[in-house]
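*Asks:* Here are the chains, one letter per residue:
4 protein chains.
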Amino acid sequence: MNFRPSEKSQAYLKKLKAFMNTNVYPFEKEWMEFNKENNPDGHWTTWHEHPKLDKLKNEAREQGLWNLFLPDEQMGQGLSVLDYAPLAEEMGRVYNSAEIFNCNAPDTGNMEVLYHFGNDEQKKKWLVPLLDGEMKSVFCMTEPNVASSDATNIETSILPDGDEIVINGKKWWATGLGHPDAGLAIVMGKTDTSAEKHKQHTMVLVPLKAAGVEIKRMLTTFGAYDAPAGHGEVHFNNVRVPKENLIQNFGSGFAIAQGRLGPGRIHHCMRCIGAAERALQLAIIRSGTRKAFGKPLAMLGGNAERFAKARVAIDQARLLTHYAAWKIDQVGVKESMTEISAIKVVAPQVLQDVTDMAMQIHGGGGLSDDFPLSSFYLQARALRLADGPDEVHLGMISRLEFKKYL
Amino acid sequence: MNFRPSEKSQAYLKKLKAFMNTNVYPFEKEWMEFNKENNPDGHWTTWHEHPKLDKLKNEAREQGLWNLFLPDEQMGQGLSVLDYAPLAEEMGRVYNSAEIFNCNAPDTGNMEVLYHFGNDEQKKKWLVPLLDGEMKSVFCMTEPNVASSDATNIETSILPDGDEIVINGKKWWATGLGHPDAGLAIVMGKTDTSAEKHKQHTMVLVPLKAAGVEIKRMLTTFGAYDAPAGHGEVHFNNVRVPKENLIQNFGSGFAIAQGRLGPGRIHHCMRCIGAAERALQLAIIRSGTRKAFGKPLAMLGGNAERFAKARVAIDQARLLTHYAAWKIDQVGVKESMTEISAIKVVAPQVLQDVTDMAMQIHGGGGLSDDFPLSSFYLQARALRLADGPDEVHLGMISRLEFKKYL
Amino acid sequence: MNFRPSEKSQAYLKKLKAFMNTNVYPFEKEWMEFNKENNPDGHWTTWHEHPKLDKLKNEAREQGLWNLFLPDEQMGQGLSVLDYAPLAEEMGRVYNSAEIFNCNAPDTGNMEVLYHFGNDEQKKKWLVPLLDGEMKSVFCMTEPNVASSDATNIETSILPDGDEIVINGKKWWATGLGHPDAGLAIVMGKTDTSAEKHKQHTMVLVPLKAAGVEIKRMLTTFGAYDAPAGHGEVHFNNVRVPKENLIQNFGSGFAIAQGRLGPGRIHHCMRCIGAAERALQLAIIRSGTRKAFGKPLAMLGGNAERFAKARVAIDQARLLTHYAAWKIDQVGVKESMTEISAIKVVAPQVLQDVTDMAMQIHGGGGLSDDFPLSSFYLQARALRLADGPDEVHLGMISRLEFKKYL
Amino acid sequence: MNFRPSEKSQAYLKKLKAFMNTNVYPFEKEWMEFNKENNPDGHWTTWHEHPKLDKLKNEAREQGLWNLFLPDEQMGQGLSVLDYAPLAEEMGRVYNSAEIFNCNAPDTGNMEVLYHFGNDEQKKKWLVPLLDGEMKSVFCMTEPNVASSDATNIETSILPDGDEIVINGKKWWATGLGHPDAGLAIVMGKTDTSAEKHKQHTMVLVPLKAAGVEIKRMLTTFGAYDAPAGHGEVHFNNVRVPKENLIQNFGSGFAIAQGRLGPGRIHHCMRCIGAAERALQLAIIRSGTRKAFGKPLAMLGGNAERFAKARVAIDQARLLTHYAAWKIDQVGVKESMTEISAIKVVAPQVLQDVTDMAMQIHGGGGLSDDFPLSSFYLQARALRLADGPDEVHLGMISRLEFKKYL
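Residue numbers (our numbering), protein chains in the order written: chain A, 123 to 528; chain B, 123 to 528; chain C, 123 to 528; chain D, 123 to 528.
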């Protein structure tokens with residue numbers, strides 16, 4: 123056993139940290155000011171309108187801090203899942219900063235679908251602009267009318283019709299639908315409901331500008347739009363795409379989804395750990411600089427103990443995430459189900475708890491947009507549902523545990 | 123001991139429940155639809171623009187369901203704090219519905235200040251329109267630059283100057299500042315910083331239209347404006363009011379604040395319990411009507427157990443709240459500090475936990491404005507800071523506990 | 123609503139508290155010393171050998187502090203379940219002291235069975251000596267070979283044979299089997315396994331000296347014998363008793379058990395609350411008198427906050443217990459299932475948690491017999507299984523909750 | 123990063139597992155039966171009287187499964203702390219089985235003190251018989267009259283007197299004092315109370331047969347003697363030992379203690395993880411083989427979820443323990459204080475929680491000596507105090523955390 127990151131990972135981390143310090147933390151601050159002034163209504167952020175964003179993206183790309191998530195040597199940087207873990211954690215320290223490095227969800231998961239399951243034509247047409255950061259994408263799985271945590275419930279139909287494929291159905295929680303560059307939806311639906319349970323699903327590539335794609339509304343989370351990319355409800359009304367847009371075959375959608383969700387889930391968890399570290403740091407600094415009842419907050423009541431518990435919880439979550447990453451690298455997603463489900467339950471919850479604590483330390487300010495805490499909180503809260511609610515993951519873990527002995 | 127509400131309380135509850143069923147639940151539904159259509163930006167609700175709101179208020183008033191919180195026979199309905207508990211709980215089931223009955227924070231607390239500490243002139247000028255629901259008010263205590271959970275930190279100055287009083291300082295988390303009828307601020311500041319620690323504070327009545335009152339900005343909580351009344355940052359720049367606006371004397375502000383916070387806190391807790399009951403009800407209904415993996419959600423994993431634990435937690439929170447109300451009625455706020463602090467810690471946390479659970483049952487929808495859950499969640503989360511953070515209340519309880527034995 | 127105990131309950135409490143102060147606390151101390159000296163092996167306590175015990179019982183009886191649990195005016199003191207609550211709590215402050223007042227489990231539950239379901243002959247023969255404290259008893263329900271939390275699993279047979287009844291089966295966790303005066307077992311078994319599920323059980327009175335009653339062994343809990351009364355495994359090998367020993371009818375055992383468990387469970391909870399209060403008191407006193415790192419333990423880390431949380435948890439558990447007692451008095455056990463199950467889950471857990479905390483404050487000493495904490499802990503831990511494990515009670519609560527809406 | 127144990131560690135683990143399967147699990151079963159028959163009083167186990175124990179020790183030694191904890195190539199097996207982790211975990215699955223491999227506390231910690239700080243004479247005289255398993259030892263630090271979690275409170279005096287050293291003081295929780303072969307005490311006391319805070323302490327080697335060593339009593343934990351080695355109270359009344367028995371110098375005791383506690387603490391944690399794994403395994407097997415309400419317990423209520431949560435908690439505790447072991451190997455104890463304190467808080471708590479859950483699954487039996495659960499529970503509960511209570515470790519973590527930012 124060895125807990126030191128690889129040389130390659132360390133080298134990238136050094137470069138990334140420098141970039142964060144020089145560029146991203148200052149940008150976070152500037153943008154928060156910019157947003158307060160330019161967005162009095164507060165309903166949608168000005169993130170994409172900030173004049174510096176594109177500059178930062180270009181610089182990140184020039185420095186090779188681009189598509190770090192993709193294990194491919196040519197298209198990404200050839201980093202393993204485990205190599206990527208400390209990098210994603212670092213990005214997680216600033217809300218949404220992963221976009222600066224083209225490493226944001228759901229694009230990363232969608233690019234992985236295209237990378238692993240797309241044919242050459244599809245890669246050229248869709249993967250390349252996504253890798254270039256010129257296009258953004260959404261993933262359409264969850265439906266408003268059924269409990270989509272059980273994918274067999276899905277009702278959207280994806281049917282062949284001559285040289286075309288016809289899509290009908292309603293999806294929501296399509297993350298990224300509010301991004302100005304959103305162009306592609308990967309849609310999951312059913313083709314043959316008489317087939318075996320896991321052979322009914324199909325995945326298809328749908329341009330968002332296709333006829334019949336109706337963006338019904340953007341959804342609020344806790345009353346706000348989870349800007350800058352948001353989540354949307356989108357209806358597919360007799361949408362027609364050419365057969366070339368089919369990913370793999372009719373009926374292979376379920377298997378693709380399983381493959382997609384493994385790395386996607388763990389990337390979320392890596393970022394959660396970085397966000398939790400940041401929240402703890404903010405809490406400690408605030409608690410050392412504000413006084414009440416004659417003492418710094420840090421010395422009051424159980425505050426010090428809460429920091430200690432946060433430290434321990436974060437360290438445990440990080441180790442579990444690294445272990446899951448290592449297992450994925452060694453034996454693949456399928457053999458790492460316990461570990462992936464475990465971090466999916468642990469990491470967002472740790473982020474939620476640490477942020478909740480940090481908010482108490484910050485008083486009212488902690489709830490506002492003056493600090494990144496409320497963004498972290500929403501990120502955590504939403505993640506406890508996204509990519510499978512905690513309860514489904516716990517069920518998965520117990521099933522695998524039973525198999526050992528019963 | 124006897125756990126049955128008084129005859130009077132039961133009679134009001136019966137009337138109130140009928141009113142809720144006939145009017146408020148349907149209004150909640152209509153308004154949610156109305157808001158979706160008329161408020162695509164989502165940054166501020168349309169609550170006060172809904173054509174039915176004033177009608178409902180009038181009807182509530184005509185039925186005697188008005189100012190139920192005020193123990194006074196003439197100005198209120200002569201209900202004790204304990205009598206009021208089941209009524210406030212019932213209102214808590216629909217977010218913000220307390221306003222329909224002129225029982226919403228912070229107006230109730232402000233009316234109590236005027237009722238108990240205002241002179242006849244002040245009552246006539248300020249209390250009457252507040253009791254009539256014609257004016258709304260804010261309470262300005264928390265400041266951005268200091269840890270205001272320790273009131274001795276407050277920096278705002280309230281100084282006599284001839285026949286006038288001059289106010290200078292910055293306040294934030296002034297709840298209700300976004301209400302269209304907001305007209306009055308009760309401002310807490312310091313007059314003589316050389317006086318004994320608890321004799322330095324003063325409370326003064328400030329019309330929001332006074333010169334020098336600057337509404338700096340509305341604050342977001344979790345990215346949204348906690349509409350329809352919101353929280354604001356307001357600066358007092360050399361604001362001058364006549365001496366008649368002084369509540370009691372210079373230096374009596376701290377004592378008034380203590381008196382104000384007791385009933386205010388417990389009213390919040392009563393509503394939390396109603397909201398938690400509603401959240402549990404919604405969770406159970408949803409879990410019985412959605413299926414995954416071949417079973418209703420209610421039968422999956424630990425869901426049933428979670429409902430049981432929620433039931434127990436809510437019942438315990440209610441009992442503790444009723445007990446605190448009874449103690450306030452019997453021996454007053456000062457002798458009920460342990461109980462008031464206890465419910466202030468317990469009730470919002472129970473609401474947060476039950477709502478968090480209900481959200482998991484609702485999936486993505488639970489985060490959105492399609493259900494009242496996210497409003498309940500924000501209510502709970504904000505209350506864990508408002509009127510004193512949990513940690514300060516726990517400190518109070520332990521101090522009183524030590525006194526018993528040490 | 124009214125949270126003041128009845129005049130009668132208050133009068134008894136005053137007398138009981140005086141008795142505790144004058145007699146029981148000193149006895150606890152004397153006995154702890156006595157036991158250390160006379161019981162170097164530690165495997166069984168010397169409680170019943172202490173020369174003062176009988177004297178105390180006599181004095182309690184003379185003062186009318188005897189059989190307080192029984193609502194009957196003649197045989198008990200005519201106290202309602204709710205009246206009894208503060209008294210049982212007070213007894214709970216000293217481990218096992220309920221025996222001094224003839225109010226200890228399982229005798230109280232067994233006496234209630236005889237009181238409610240026994241005929242005149244049975245009352246004369248068995249209830250009278252139990253009420254007089256001359257005989258002690260056990261309740262035989264749990265079996266080693268099946269999950270007895272589901273009473274339909276029970277395998278012991280109770281069959282009629284002419285004028286006799288024949289009992290065959292194995293029971294364990296027969297609490298009180300180690301008491302020197304243990305003379306009677308109430309045994310639950312099945313008579314007709316083809317009958318309807320809840321009409322199969324029978325309860326019968328078995329003298330422990332009957333032929334075929336084999337006390338197989340005394341059971342350890344956490345390695346010790348839970349002295350002074352202990353729990354045993356007892357086998358019934360073709361035990362024969364006269365038909366007169368049948369309680370009610372063949373097949374009525376299940377209904378009797380339900381009736382027995384209601385008050386029995388709540389009495390346990392009342393005592394838990396007293397024990398938890400005592401543990402908190404001990405923790406606070408110890409934390410104020412021991413120093414580390416230059417401060418009393420009370421001022422270190424999160425200790426003060428832990429005391430506050432214990433205060434709140436105990437108060438909530440007491441209120442819930444009182445509420446359940448009130449409901450039993452008002453509408454009976456059957457209509458109070460949610461409340462009885464709720465306190466059965468809450469009260470022992472609160473005692474376990476508070477004691478666990480108090481142990482940390484006491485350091486190593488807290489684990490030893492120098493303090494009553496380890497006894498309280500075992501009491502709590504065992505109660506989370508006795509009379510139905512927590513999980514079964516939560517299941518009951520959720521079933522009743524579902525019925526409200528689904 | 124790499125989560126695979128070293129080749130050497132894997133090879134030892136394979137051998138150890140075979141030994142456990144062939145010898146130790148059967149011995150556990152035999153001994154439990156043996157103990158029930160030969161120890162009806164239950165106050166002290168028959169572990170050391172079992173005819174097989176010495177045979178097993180010899181066989182372990184012959185197979186090189188001996189002193190695995192000691193990093194030394196000659197005296198131990200040259201395994202690093204990290205290499206040892208999976209081995210100690212495996213031993214932890216059977217209560218007390220570490221003694222079979224001469225790897226039990228407190229001997230391992232005492233041997234490390236002699237190994238690192240003893241001179242050649244001391245090693246020859248004391249370390250060799252300990253390494254041979256011919257002698258057992260105790261560590262005397264905790265005192266009954268002061269909060270010993272703060273070592274500066276210690277009152278025992280260790281004073282030079284010519285060629286002798288004189289020891290006076292009272293110690294308790296001397297673990298292992300009940301072992302039949304206990305021969306040596308390492309005693310910590312103070313020599314110069316006017317010296318700098320951390321230069322006052324001295325450690326000295328005291329033969330238990332020395333004049334003036336008075337074993338006052340064996341202490342109960344939860345009413346039993348924590349057999350087979352137990353914890354004792356021992357008084358040192360003018361005990362005289364030759365100067366040769368001084369470890370290092372007068373005044374170096376504090377530093378030695380710090381060095382001792384690092385590896386000692388982590389060994390405890392490794393064993394906790396093995397015990398927790400065993401408890402989970404037992405719970406799952408029991409829950410799959412017992413039925414209630416028509417289903418295996420595994421399928422009832424929240425049981426499956428509890429198993430999943432236990433799985434995740436154990437995995438996280440193991441990873442944190444391995445990480446701490448790696449850090450100790452890489453940078454030493456002093457630079458690993460956060461990690462050592464973290465596992466010391468986490469691992470016993472996880473064991474306590476998992477065992478508590480497993481007990482609920484086992485019903486009454488789980489509390490008895492029919493299963494190893496109650497032993498595991500006591501092990502966990504005692505460890506939350508031994509080698510520093512949780513609260514002190516959390517305080518340490520928070521202090522180090524503050525240093526990062528304040």
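For the record, the hints were derived by calculation from the structure and aren't laboratory data.
Since we're looking at a predicted model, the values are computed, not measured.
One thing to keep in mind: the hints can contain errors.
If several chains are the same, the list does not tell them apart, and a pair holds so long as it fits within one copy or across any two.
To be verified - Listed next, the in silico EDC-like pairs over lysine to aspartate or glutamate satisfying Cα-Cα at most 16 angstroms (straight line):
no.	residue 1	residue 2
1	K319	E366
2	K130	E457
3	K151	E129
4	K292	E457
5	K338	E155
6	K417	D272
7	K413	D272
8	K247	D176
9	K456	D285
10	K365	E243
11	K177	E152
12	K413	E457
13	K338	E159
14	K338	D492
15	K151	E457
16	K321	D478
17	K319	E277
18	K137	D285
19	K338	D285
*Asks:* For every hint, state whether the structure bears it out.
*Replies:* Each hint, compared with the structure:
{"no.": "1", "hint": "K319 <-> E366", "verdict": "neither (25 angstroms within a copy, 63 angstroms between copies)"}
{"no.": "2", "hint": "K130 <-> E457", "verdict": "neither (26 angstroms within a copy, 26 angstroms between copies)"}
{"no.": "3", "hint": "K151 <-> E129", "verdict": "neither (32 angstroms within a copy, 50 angstroms between copies)"}
{"no.": "4", "hint": "K292 <-> E457", "verdict": "neither (33 angstroms within a copy, 46 angstroms between copies)"}
{"no.": "5", "hint": "K338 <-> E155", "verdict": "between (31 angstroms within a copy, 14 angstroms between copies)"}
{"no.": "6", "hint": "K417 <-> D272", "verdict": "between (52 angstroms within a copy, 11 angstroms between copies)"}
{"no.": "7", "hint": "K413 <-> D272", "verdict": "between (50 angstroms within a copy, 9 angstroms between copies)"}
{"no.": "8", "hint": "K247 <-> D176", "verdict": "neither (23 angstroms within a copy, 57 angstroms between copies)"}
{"no.": "9", "hint": "K456 <-> D285", "verdict": "neither (34 angstroms within a copy, 68 angstroms between copies)"}
{"no.": "10", "hint": "K365 <-> E243", "verdict": "within (12 angstroms within a copy, 80 angstroms between copies)"}
{"no.": "11", "hint": "K177 <-> E152", "verdict": "within (14 angstroms within a copy, 46 angstroms between copies)"}
{"no.": "12", "hint": "K413 <-> E457", "verdict": "neither (51 angstroms within a copy, 28 angstroms between copies)"}
{"no.": "13", "hint": "K338 <-> E159", "verdict": "between (29 angstroms within a copy, 12 angstroms between copies)"}
{"no.": "14", "hint": "K338 <-> D492", "verdict": "between (31 angstroms within a copy, 14 angstroms between copies)"}
{"no.": "15", "hint": "K151 <-> E457", "verdict": "neither (42 angstroms within a copy, 35 angstroms between copies)"}
{"no.": "16", "hint": "K321 <-> D478", "verdict": "neither (42 angstroms within a copy, 35 angstroms between copies)"}
{"no.": "17", "hint": "K319 <-> E277", "verdict": "within (13 angstroms within a copy, 43 angstroms between copies)"}
{"no.": "18", "hint": "K137 <-> D285", "verdict": "neither (48 angstroms within a copy, 63 angstroms between copies)"}
{"no.": "19", "hint": "K338 <-> D285", "verdict": "neither (28 angstroms within a copy, 60 angstroms between copies)"}
The structure does not agree with the numbered hints 1, 2, 3, 4, 8, 9, 12, 15, 16, 18 and 19 stated previously, though it agrees with the rest.
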